[in-house]
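**Student:** Each chain, letter by letter, is given below.
Number of protein chains: 2
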Amino acid sequence: MIARMECLPCLVRQAKEAVCMSSGDPDLRLRILRRCLAWMAEADLDVSPPEIAAGIGRIVMELSGRDDPYREVKSLHTDMALKLLPRMDRMLAKSADPFLTGMRLAIAGNIIDLGARSQVEDADIGDTLREAMELPILGEDPEDLRRETGRAGSILYLADNAGETVFDRKFIQQMPRGRVTVAVRGGPAINDATLDDARAAGLHEVAELVSNGSPAPATVLADCSPSFQRLFAEADVVISKGQGNFESLSGVDRKVHFLFRVKCPLVADHTGYPEGSLLLLHSRG
Amino acid sequence: MIARMECLPCLVRQAKEAVCMSSGDPDLRLRILRRCLAWMAEADLDVSPPEIAAGIGRIVMELSGRDDPYREVKSLHTDMALKLLPRMDRMLAKSADPFLTGMRLAIAGNIIDLGARSQVEDADIGDTLREAMELPILGEDPEDLRRETGRAGSILYLADNAGETVFDRKFIQQMPRGRVTVAVRGGPAINDATLDDARAAGLHEVAELVSNGSPAPATVLADCSPSFQRLFAEADVVISKGQGNFESLSGVDRKVHFLFRVKCPLVADHTGYPEGSLLLLHSRG
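Chains A and B, in that order, give the protein sequences.
Heads up: the first sequence at position 10 corresponds to 10 in this note's numbering, and the numbers run straight through without jumps.
Heads up: the second sequence at position 88 corresponds to 88 in this note's numbering, and the numbers run straight through without jumps.
Worth flagging that the hints you see were computed from the coordinates, not collected in a lab.
Don't take each hint at face value.
[What the hints assert, rightly or not] Covered, in the sense of this in silico footprint (three residues per stretch, anywhere, with C-beta under 8 angstroms from a C-beta of chain B), are these stretches of chain A:
1) 31-37
2) 245-253
[Claimed, not checked] Here are some chain B residues pointing at chain A (derived, C-beta under 8 angstroms):
3) Glu6
4) Pro9
5) Leu33
6) Met40
For clarity, every value in this text was computed on a predicted model and none was experimentally measured.
Every residue gets a Cβ at the ideal spot worked out from N, C-alpha and C, and that includes glycine.
Let's have the full structure, built from the sequences with the hints guiding it.
**Tutor:** If you want it as structure tokens, here you go:
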């Protein structure tokens with residue numbers, strides 16, 4: 001999915017947040033944000049929105065000298081989500097359909113997204129859990145995904161934000177053990193999970209962990225490592241979490257199951273589902 | 001009040017909205033927005049936020065060739081507000097304190113602001129009327145303003161948005177007849193009222209109308225006409241509507257009564273009142 005002019009104000013807002021995370025010096029903040037504006041004024045927009053966000057991320061890191069400005073935020077979100085593990089386990093234990101409950105937990109985790117929201121409060125997460133259990137999941141029939149993961153020899157799971165990864169863990173536990181590989185960002189990208197963040201969330205206990213080799217806040221295949229590209233091409237099933245991964249992979253030439261909440265009007269327009277919708281969609285492939 | 005880095009994403013959003021109002025051509029829209037970004041990357045930010053908005057407005061008008069992109073929107077808002085006149089008149093007729101009710105109507109009108117919000121629905125206006133009658137007005141004691149306007153030989157009333165002007169008319173009717181001059185923008189500035197818009201709202205029936213000579217979406221004194229500057233300096237009482245006028249005049253060297261709703265975190269920070277507050281504040285002067 002290609003960026004549109006309407007993405008620019010949202011990307012400037014994200015740039016401002018990243019700048020504020022990176023430095024407390026007002027002069028430096030302004031200098032970095034000005035550089036982002038100048039870059040966006042000239043940037044190639046015939047790419048997906050997260051590719052533009054990746055360019056902004058590079059500028060912020062270069063000029064601030066901070067290599068992972070969201071480190072503390074990611075750690076906070078992971079800790080918040082870890083505290084909810086006993087509650088998630090109780091939900092799964094009581095569930096008549098743990099696969100579906102796991103999937104709903106994974107989508108609940110997707111609401112924790114600093115890229116599209118400005119703050120996440122602890123109480124929000126509790127509300128989100130309840131909401132994600134009740135709202136309809138639109139798009140593809142979850143039975144298809146259940147069937148495919150049940151018989152897959154290899155499942156590639158593309159993670160999204162730190163914190164969300166704790167919820168993913170509960171979904172992955174409902175899949176055949178030993179067959180799931182979780183791919184995370186190859187470098188700091190907003191509040192997306194890197195290898196360190198994924199380990200903090202305990203994902204290594206339920207799946208093999210790999211880096212996709214790219215620091216974009218999405219899965220920009222051309223920027224990913226050859227080994228990740230091979231994994232992506234060869235996995236029997238690919239599950240992609242979050243709107244960023246959808247934006248970068250929606251036109252890809254293989255079947256991918258996208259699980260995410262629609263968080264902006266452009267993605268609503270692109271998918272045909274209103275903002276706020278919980279979606280399980282698969283690319284044509 | 002001086003702009004801060006945090007103003008930039010909001011100004012980019014306003015630029016995007018103005019660009020979309022100005023042209024339906026996607027290529028031209030993008031070209032104009034890119035020019036705005038490049039300009040903001042270099043612009044002097046040691047000015048009030050509406051002065052930066054004025055620069056953006058100039059770029060949008062120059063490149064789009066549309067001299068008043070918000071004309072239809074302003075007309076629509078004015079018409080919506082005019083339909084509420086009978087209701088406002090009933091509220092005033094029933095009121096035990098028409099001055100205060102008029103002031104509350106004027107502040108209700110201030111919620112109609114495309115500069116800070118993206119859309120105004122008809123139902124919103126009805127809700128706003130009720131809300132503005134009930135919420136506390138914080139800051140200065142309205143009795144001081146009542147006393148000052150009661151004995152003033154000349155009252156200068158600085159208007160804000162088109163549509164809001166219809167509400168202002170009801171407040172102005174509670175002041176001594178023949179003593180009020182309403183000043184509007186000297187040229188198109190977002191959805192702010194110009195002379196044409198003010199006449200459409202019927203303001204000429206209750207006050208003398210003048211242009212301030214400047215097309216900024218605020219009252220940037222240095223950019224206003226000498227005759228307006230004289231009026232501003234010499235009026236016994238100055239009443240300023242809206243956040244834009246507050247941003248440009250808050251540090252001014254005379255007493256001004258500011259009546260507005262706090263619509264952004266920076267103004268909340270600057271005034272010490274939370275976002276959404278209804279304020280009557282006076283500058284030290």
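**Student:** Decide, hint by hint, whether the structure agrees.
**Tutor:** Now the hints, each set against the structure:
1. 31-37: With 4 residues close enough to chain B, the hint holds.
2. 245-253: violated (count 0)
3. Glu6: 7 angstroms, holds
4. Pro9: 4 angstroms, holds
5. Leu33: 6 angstroms, holds
6. Met40: 5 angstroms, holds
Checked against the numbered hints given earlier, this structure breaks only hint 2.
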